[in-house]
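Chains as they are written, first to last, in my numbering: chain A, 1 to 386; chain B, 1 to 130.
The set of hints was computed from the structure by calculation and includes no laboratory data. Don't take each hint at face value.
Restricting the straight-line Cα-Cα distance to at most 20 Å, the calculated cross-link-like pairs of lysine to any residue (SDA-like) are [what the hints assert, rightly or not]:
id, chain 1, residue 1, chain 2, residue 2
1, A, K5, A, Q20
2, B, K7, A, E8
3, B, K74, A, A68
4, B, K60, A, Y33
5, B, K7, B, G114
6, B, K60, B, G35
7, B, K12, A, A12
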Amino acid sequence: MYLTKEEELILAGEYGYALQKAMEILVALGEIYGAERLIPIKSAQIAGVSYKNIGDAGMEFLRDFADAGAKVSVYTTLNPAGIGDDEFMEKQMEVLELYRRMGIEITSTCTPYYGANLPKFGDHLAWSESSAVSFANSILGARTNREGGPSSLAAAIVGKTPNYGFHLDENRKATVVITVDARVETFVDYSALGYHLGKVLGNDVPYFKGLRPSNVEYLKEMGAAMAASGSIALYHVEGETPEYRWAIADKLETIAVEEGDIRAVKEAFSDDWSEIDMILIGCPHASLAEIKEVAELLRIRGKPLKIPLFITAGRAVKALADALGYTETIERYNGRIIPDVCFVVSPIKGWYNGVATNSGKSAFYFRSFGFSVRLDDAENLIMEAP
Amino acid sequence: MRLQGRKIVGGKAEGELVVSQKPLSFLGGVDPETGIVTDAESDIRGQSIAGKILAFPRGKGSTVGSYVIYALKKNGKAPKAIIVGEAETIVATGAIIAGIPMVDGVDVSKLRSGKRVTVNADEGLVEIEE
Numbered sequence: 001m002y003l004t005k006e007e008e009l010i011l012a013g014e015y016g017y018a019l020q021k022a023m024e025i026l027v028a029l030g031e032i033y034g035a036e037r038l039i040p041i042k043s044a045q046i047a048g049v050s051y052k053n054i055g056d057a058g059m060e061f062l063r064d065f066a067d068a069g070a071k072v073s074v075y076t077t078l079n080p081a082g083i084g085d086d087e088f089m090e091k092q093m094e095v096l097e098l099y100r101r102m103g104i105e106i107t108s109t110c111t112p113y114y115g116a117n118l119p120k121f122g123d124h125l126a127w128s129e130s131s132a133v134s135f136a137n138s139i140l141g142a143r144t145n146r147e148g149g150p151s152s153l154a155a156a157i158v159g160k161t162p163n164y165g166f167h168l169d170e171n172r173k174a175t176v177v178i179t180v181d182a183r184v185e186t187f188v189d190y191s192a193l194g195y196h197l198g199k200v201l202g203n204d205v206p207y208f209k210g211l212r213p214s215n216v217e218y219l220k221e222m223g224a225a226m227a228a229s230g231s232i233a234l235y236h237v238e239g240e241t242p243e244y245r246w247a248i249a250d251k252l253e254t255i256a257v258e259e260g261d262i263r264a265v266k267e268a269f270s271d272d273w274s275e276i277d278m279i280l281i282g283c284p285h286a287s288l289a290e291i292k293e294v295a296e297l298l299r300i301r302g303k304p305l306k307i308p309l310f311i312t313a314g315r316a317v318k319a320l321a322d323a324l325g326y327t328e329t330i331e332r333y334n335g336r337i338i339p340d341v342c343f344v345v346s347p348i349k350g351w352y353n354g355v356a357t358n359s360g361k362s363a364f365y366f367r368s369f370g371f372s373v374r375l376d377d378a379e380n381l382i383m384e385a386p
Numbered sequence: 001m002r003l004q005g006r007k008i009v010g011g012k013a014e015g016e017l018v019v020s021q022k023p024l025s026f027l028g029g030v031d032p033e034t035g036i037v038t039d040a041e042s043d044i045r046g047q048s049i050a051g052k053i054l055a056f057p058r059g060k061g062s063t064v065g066s067y068v069i070y071a072l073k074k075n076g077k078a079p080k081a082i083i084v085g086e087a088e089t090i091v092a093t094g095a096i097i098a099g100i101p102m103v104d105g106v107d108v109s110k111l112r113s114g115k116r117v118t119v120n121a122d123e124g125l126v127e128i129e130e
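Kindly produce the complete structure, drawing on both the sequences and the hints.
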């Protein structure tokens, strides 16, 4: 891989240990994946925030790195944190403090684009939250690989990333055409479609025909589910996403999705209300429009929920919901908006054992943790809930 | 036997081989306190990788595995060197942050546990005692 004079000096340790280690990571990845050079990035988004996920090992690494004077050189935000008992929270706050010391904005969300960290078309990024990667690549037309925690941190520190994978035009072309012969109309329909395809497709770039999402949250949700049950980081939707016009190269294989495929996913997550002890909305973190919808549904329902409703969101979105009165309405009906955290990365098994959610991504993870799961649209959940 | 691979992380090491013929997950697959492999699917389950030359076809599992490799090093239980068939992000990043010599592009199916081996990662070279 070609390195500039300055990059060579960083690699040789002339600018200190932290920059050297960061550069070593980038150069090694560049060599592994055949990058010709490094390219500047506009922002970074870092996974490996929950203490549940990184543990003492990750914390030790972050502490050593921060102590060595590591500082990010581009705008950088974090993935959501975990929530747990006092002992857990002490460690969790320490992790956040280590990231803060490195110059990272302590805005912990899987939807950074709803505020703090909004890329534009064509921007190169180093993001690591899988649903945010999918959103940035597919819906915004920005360019990022699926980074791991350490590689996005290394890119944030150096301000560059190796030029391979989804940074290159040729890898952004579709590899498979998806025709949708099913009714896909609601949030959960999109969720189920994404969940199904994540399982069916490999390392593909799907091109969708026949989808007409009525709002962007539906695509956000589909991408998140595809990235959770599979590893899809980029998709195109004919007539909808910004790169679809040049996404189709040659003759491609076509996969048809039928009504039964969508139904099968919904049926797999249809546990009875008697097994459910909380409702979760906001995976990926909710938009203001999603929060507004929940507040309106609760008002229509007219009586408080017997089990708690949690909405997870970024703190920028929560602040808007507070200002507009949605938070107050939601709290009146036994709901709460919880900023900065993600239940999927929290040790909450035992506190709760059954979740009702509109998120295919959540459904996938909570089932794997041994929870009972009910997957349905927010409207049905709120109207049917005890 | 001399095998030519590619440098991922430079350095030299010498020691006893421990070879997994299956992909290895570090998060949940290796105990960072003891260096013992705990991955239920692993063919080297129960063996220690501490102070050994560890060979396996490729990494798998969570990217948090990189931090487990770092923790192994901090706890004095890391392998002296890592040999893989195909490097990927998790193990490569772990080896870099932990400073463990690492070579890829080696046909791991030719390697056997218990053999003495010399790794010159700077040259991408692996030499196995006959």
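### Task
Please flag the earlier hints that this structure goes against, numbers listed from lowest up.
5
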